[in-house]
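Engineer: As a plain string of letters, each chain reads:
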Amino acid sequence: MIQFHAYKMLQTADGELPLDVSLTFEKGQFIAIYGNSGVGKTTILRILAGLTEAEKVDINVGDDIWDDSLKRFHLPVQKRSIGFVFQDFALFPNLTVKENLEFALSKNDSTQIVSELIELMELESLQNSKPQNLSGGQKQRVALARAIVRKPEILLLDEPLSALDDEMRFKLQDYILKTHEKYQLTTLMISHSIAEIFKLSDKVIVIDKGKISKQGTPNEVFAETKISSKFQVTGEIISITKSDIIYVVQVCSGNNIIKVVATEEEIIDYKIGQKVLVASKAFNPVIQILL
Amino acid sequence: MINMEPLWLTAKLALITTIILFVVAVPLCYWLAYSRFRFKAVIEALISLPLVLPPSVLGFYLLIAFSPENAFGKFLSDYFDLRLVFTFQGLIVASVLYSLPFMINPILSGLKNLPPALQEASFTLGKSRFTTVTKILLPNIQASLLTGIIMTFAHTIGEFGVVLMVGGSIPEETKVVSIAIYEEVESMNYHNANVYAGILFAFSFLILLTVHLINNKSRKTTLY
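Which chain is which? The protein sequence lines are A and B, in order. Quick note on numbering: the working numbering labels position 104 of the first sequence as 104, and the sequence is numbered without any gaps. To convert, take the position in the second sequence, counting from 1, and add 291; that gives the working numbering.
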């Protein structure tokens, strides 16, 4: 179990904002952190990583203490078992893709993990390129691979997919999920996309003005409050689940989740991630596939 | 035929000054770039002072400070048997102070232009400060390092005022090329002065050309 509590006064454009957050999560969970810009999401990850100091921090990871404000104990960043993927990737420009990964190895580590990750992230053809010659999605994969070389207990992702187009996002979400499961990581990811959160996370934490305003499974947090019944909007299918003899299709449009009932014949044509139009007909919304 | 001694002496002085400054500047710049020390601006201003101060002012204060008649000079000669007035060692100390901004400014601006996440990424990968500086930060500011080294070397070669004040003109000890030119002119040996001056002119031009070629290639560092 990982316990996190931090208090820090943030300096924002609108003046001071106290960040006061207590979190508890289990090892192996995938946690999404959701909220508007400038409410302290990145700061939470940075405090957990030991990159940012706070007035009060207490962090316990299993039996290990990373921060204890009473005893004034602070474990240095280098000694925390974390992988951090920065928003701008922070790849080392002087090193090739492969060297970026190898840099993360400790003295006596075998280089096998590097080849394994290069294969997993499909970076074979790029391994001798310098980061400046890579596209956004490729840099992202390298950054993710580099963060995992040390097989960290906790993987921290700071809005890793925000700068990518949709197609790349879906692919990278799969990479993230794949590594999360393969290396049994505990992952914390900041995300602005509800569809992404539904796809990846077990638990979502909503931060508002420095505090946790809501937490639970993505369904508990988003779906129930945001259902609407009179509309015509476009969105994206995020899940299809069977319920007795019918199917329930969830469509994400902007920040709304719409639940629509569908028959078995209809769902044959539906795929997760597909763009669709949802229109309200009397009381039952129907789904129409968009080209 | 001109005496080659001042040329060798100048090159020796410039080389030693550059080496000392490089060793001092890297940790100092790292500290200036990353620390949140409140009075950092004061230190940065002090380092840049030789850029605007007349060399004779700096030379004058150094002469006073190094003089065995005064506390600092007396302390050096009593405890270390070191005399810095009218000696080569004194020239080195004066040159180091005088050329300080030419080494510090390019390296500092190079470090400040690096994204802070580079250092943090290295830390999150378990690397120490030392490894981060030598393996990540410095290799990414190569152009700035080279600019600092070349500018320091060139600037030390071009010194006159400070050298004259602190070193005087002792052959094979403190008589560098710039002083030699001055003396040749005073004794109406225009031919010799011309040769010295021509060498310095060509050398300085080549050096600046190199710096600008490097900078056009990287476009990351400022010269001053």
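Hints listed in this document are in silico derivations from the structure and should not be mistaken for laboratory results. It should be emphasised that the depicted structure is a prediction, and the values quoted were computed from it without experimental measurement. Incorrect hints may appear among the rest.
[Claimed, not checked] Reference excerpt, derived from the structure (chain B facing chain A, CB under 8 Å, subset only):
(1) N404
(2) A408
(3) F414
(4) T415
(5) L416
(6) G417
(7) T425
(8) I427
(9) P430
(10) A434
[Unchecked claim] Below, computed lysine-lysine pairings styled on DSBU-like, alpha-carbon distance capped at 30 Å:
(11) A:K56 / A:K242
(12) A:K178 / A:K271
(13) A:K56 / B:K303
(14) B:K508 / A:K107
(15) A:K98 / B:K403
(16) A:K79 / A:K182
(17) A:K27 / A:K79
(18) A:K178 / A:K203
(19) B:K426 / A:K98
(20) A:K27 / A:K211
(21) A:K71 / A:K56
(22) B:K303 / A:K98
(23) B:K365 / B:K403
(24) A:K151 / A:K178
(25) A:K203 / A:K98
(26) B:K331 / A:K130
(27) A:K151 / B:K508
(28) A:K130 / B:K303
(29) A:K209 / A:K151
(30) B:K426 / A:K79
(31) A:K107 / A:K203
(32) A:K130 / B:K365
(33) A:K79 / B:K303
(34) A:K71 / A:K171
[Claimed, not checked] Label-pair restraints from in silico Cβ distances:
(35) A:S129 / B:F330: 51 to 57 Å
(36) A:H192 / B:I334: 40 to 46 Å
(37) A:S129 / B:E335: 22 to 28 Å
Cβ coordinates follow ideal geometry from the N, Cα and C atoms, glycine included.
Engineer: If a hint holds in the structure, say so; if it does not, say that too.
Structural biologist: Structure-based check of all given hints:
1. N404: Violated, because the Cβ-Cβ distance from N404 of chain B to chain A comes to roughly 12 Å (cut-off 8 Å).
2. A408: holds (4 Å)
3. F414: holds (4 Å)
4. T415: Given a least distance of 4 Å, the restraint on T415 of chain B holds.
5. L416: Holds, because the Cβ-Cβ distance from L416 of chain B to chain A comes to roughly 4 Å (cut-off 8 Å).
6. G417: holds (5 Å)
7. T425: At 11 Å from the nearest chain A Cβ, T425 of chain B fails the 8 Å test, so the hint is violated.
8. I427: Holds, because the Cβ-Cβ distance from I427 of chain B to chain A comes to roughly 5 Å (cut-off 8 Å).
9. P430: holds (4 Å)
10. A434: It is violated, given that the least Cβ distance between A434 of chain B and chain A is near 12 Å, above 8 Å.
11. A:K56 / A:K242: Not OK: K56 of chain A and K242 of chain A at ~47 Å, beyond 30 Å, violated.
12. A:K178 / A:K271: Holds. K178 of chain A to K271 of chain A sits at ~20 Å (cutoff 30 Å).
13. A:K56 / B:K303: Distance ~55 Å between K56 of chain A and K303 of chain B Cα, so the pair is violated.
14. B:K508 / A:K107: Judged against 30 Å, a Cα distance of about 35 Å means the pair is violated.
15. A:K98 / B:K403: Answer holds: K98 of chain A to K403 of chain B is near 27 Å, not above 30 Å.
16. A:K79 / A:K182: holds (23 Å)
17. A:K27 / A:K79: It holds: about 19 Å lies between the C-alpha atoms, which stays within 30 Å.
18. A:K178 / A:K203: holds (18 Å)
19. B:K426 / A:K98: holds (15 Å)
20. A:K27 / A:K211: holds (23 Å)
21. A:K71 / A:K56: Holds: K71 of chain A and K56 of chain A sit about 11 Å apart, inside 30 Å.
22. B:K303 / A:K98: Given that 30 Å is the threshold and the Cα spacing comes to 42 Å, the pair is violated.
23. B:K365 / B:K403: Given that 30 Å is the threshold and the Cα spacing comes to 40 Å, the pair is violated.
24. A:K151 / A:K178: holds (14 Å)
25. A:K203 / A:K98: violated (33 Å)
26. B:K331 / A:K130: violated (35 Å)
27. A:K151 / B:K508: With Cα atoms ~39 Å apart, K151 of chain A and K508 of chain B exceed 30 Å; violated.
28. A:K130 / B:K303: violated (39 Å)
29. A:K209 / A:K151: violated (33 Å)
30. B:K426 / A:K79: holds (19 Å)
31. A:K107 / A:K203: Violated - the C-alpha atoms of K203 of chain A and K107 of chain A are around 36 Å apart, more than 30 Å.
32. A:K130 / B:K365: Roughly 56 Å between the alpha carbons, so the hint for K130 of chain A and K365 of chain B is violated.
33. A:K79 / B:K303: violated (45 Å)
34. A:K71 / A:K171: Given that 30 Å is the threshold and the Cα spacing comes to 44 Å, the pair is violated.
35. A:S129 / B:F330: 51 to 57 Å: violated (44 Å)
36. A:H192 / B:I334: 40 to 46 Å: Given a distance of about 42 Å, which is inside 40 to 46 Å, the answer is holds.
37. A:S129 / B:E335: 22 to 28 Å: At 38 Å between Cβs, range violated.
This entry does not satisfy hints 1, 7, 10, 11, 13, 14, 22, 23, 25, 26, 27, 28, 29, 31, 32, 33, 34, 35 and 37, going by the numbered hints stated previously.
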